[in-house]
Amino acid sequence: MNRCINTGLGRGKPYLNPVQSVLFRQEIDALIENQIAEWNANVPATDQHHRKNDFNHPMYARGLAETAIRIRLLRVIESKAISDIAKLSPEAAKIWAEYECDEMLHDEMFIQDLEKAGTSREEFLQIEPYMSTKLLVGFFSYLLDHEGPLGVVAYSYLVEYVNVKLEPEKLKGLEAILGKDKIAGQIAHSHTDINHDHPGMVWGALRYLINKEEDKAALKKYLREFQDLLAMYFVEINNEFKLEKVKAVA
Amino acid sequence: MLHTIVLTNSAETLQLPDKSKLTDLSELAEGVIPFSCLSGICGSCVIEVECGLENLSEAEPVERTFLTSLGFAEDQYRLACQCKLFGPISINTEP
Ligand code: FES
Ligand SMILES: [Fe+2]
Numbered sequence: 001m002n003r004c005i006n007t008g009l010g011r012g013k014p015y016l017n018p019v020q021s022v023l024f025r026q027e028i029d030a031l032i033e034n035q036i037a038e039w040n041a042n043v044p045a046t047d048q049h050h051r052k053n054d055f056n057h058p059m060y061a062r063g064l065a066e067t068a069i070r071i072r073l074l075r076v077i078e079s080k081a082i083s084d085i086a087k088l089s090p091e092a093a094k095i096w097a098e099y100e101c102d103e104m105l106h107d108e109m110f111i112q113d114l115e116k117a118g119t120s121r122e123e124f125l126q127i128e129p130y131m132s133t134k135l136l137v138g139f140f141s142y143l144l145d146h147e148g149p150l151g152v153v154a155y156s157y158l159v160e161y162v163n164v165k166l167e168p169e170k171l172k173g174l175e176a177i178l179g180k181d182k183i184a185g186q187i188a189h190s191h192t193d194i195n196h197d198h199p200g201m202v203w204g205a206l207r208y209l210i211n212k213e214e215d216k217a218a219l220k221k222y223l224r225e226f227q228d229l230l231a232m233y234f235v236e237i238n239n240e241f242k243l244e245k246v247k248a249v250a
Numbered sequence: 001m002l003h004t005i006v007l008t009n010s011a012e013t014l015q016l017p018d019k020s021k022l023t024d025l026s027e028l029a030e031g032v033i034p035f036s037c038l039s040g041i042c043g044s045c046v047i048e049v050e051c052g053l054e055n056l057s058e059a060e061p062v063e064r065t066f067l068t069s070l071g072f073a074e075d076q077y078r079l080a081c082q083c084k085l086f087g088p089i090s091i092n093t094e095p
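If you're matching them up, the sequences are chains A and C in order.
Letter by letter, the first sequence follows residues 1 to 250 of the numbering used here.
Letter by letter, the second sequence follows residues 1 to 95 of the numbering used here.
Read the hints as simulated data drawn from the structure, not as lab findings.
Owing to the predicted nature of the structure, the values given are computational and were not obtained by experimental measurement.
Take these hints with a grain of salt, some might be off.
Claimed, not checked - Partial list, derived from the structure: chain A residues whose beta carbon lies under 7 Å from chain C:
id	residue
1	18
2	22
3	25
4	135
Built from N, CA and C at the ideal position, the CB exists for glycine as well.
Turn these sequences into a full structure, and let the hints guide you.
Below, the structure written as structure tokens:
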């Protein structure tokens, strides 16, 4: 008899074999593509980088601050996730640890650009996170306590996929408005996502956390829930800067 | 896209998707490449690439240095856990 469990000692084969993993990833990517289309159609204030003539500087700076804050808050809960992931799959935990190593100080890149946008570090430290960000972090806590780490990793897959897909175009727009030097931190960040293949890396971890059909369904549901939380953030920031009349996002 | 991996020492042929880690072979045939650390530091996954070396991701200097210290200085030796697959290859898993 061995009463010691939850140590990932079995190192069993992943539920999805290599080919099934590729196919399921394609399915998830298609789903995210749909979400992006839906996002563009319904979420306000996502086109700032195209608004050369009425670019809202205060809103841009506040957005950078929130990104840095979000990284700071999520790195804490994402670090806690490693212990839960390691109980399920040491392979996934290893990849997740490498990913977190990459991401851990990325707040600095945004703070660097924030300073160039006119917000000092001292001012930055006085900014309280938006409610939507607090809810996102709280949701991660809930997930770890009650549903497991799959959702936490799924969030990073969504964010990385979207970043790699959309960030280069967004940065091109910002460069035309602000100049390259002002967005150097964001450019560096985007390069890391692409050059280190962050979507591939996070998928590598996700794959080991999918152990049954229900997990596949749960992953799809998480992506939807994160979309709703991120949309809430855009509504909040837009309301604060009164850029557009904002309807509640369903 | 699937790539073919010929195991010359066991005369087996397996397939993995593009960009797979070579150690994923163990999911298709248990124990085919022994591994443990998956970080390029234990040396348990040394293979000899007989054909298609150019179809693997390039070795970082640290991998080369480690392989040399293990007595596998030539280019055809690789740590499977550090290789991503981009095309067909033939390997000897017991060099
Ligand atoms: S598994 Fe340890 S070096 Fe490859
Ligand atoms: Fe990233």
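Is the shortest C-beta separation between residue 25 of chain A and chain C less than 7 Å? 10 Å, violated
Answer holds if the nearest beta-carbon of chain C is closer than 7 Å to that of residue 18 of chain A; otherwise answer violated. Result: holds, 5 Å to nearest chain C Cβ.
Does residue 22 of chain A hold up as a contact with chain C if the rule is Cβ-Cβ below 7 Å? Since the shortest Cβ distance to chain C is 5 Å, the answer is holds.
Restraint satisfaction for residue 135 of chain A [CB to CB of chain C, less than 7 Å]: Cβ of residue 135 of chain A sits 35 Å from chain C, so the hint is violated.
Checked against the numbered hints above, the structure violates hints 3 and 4; every other hint is satisfied.
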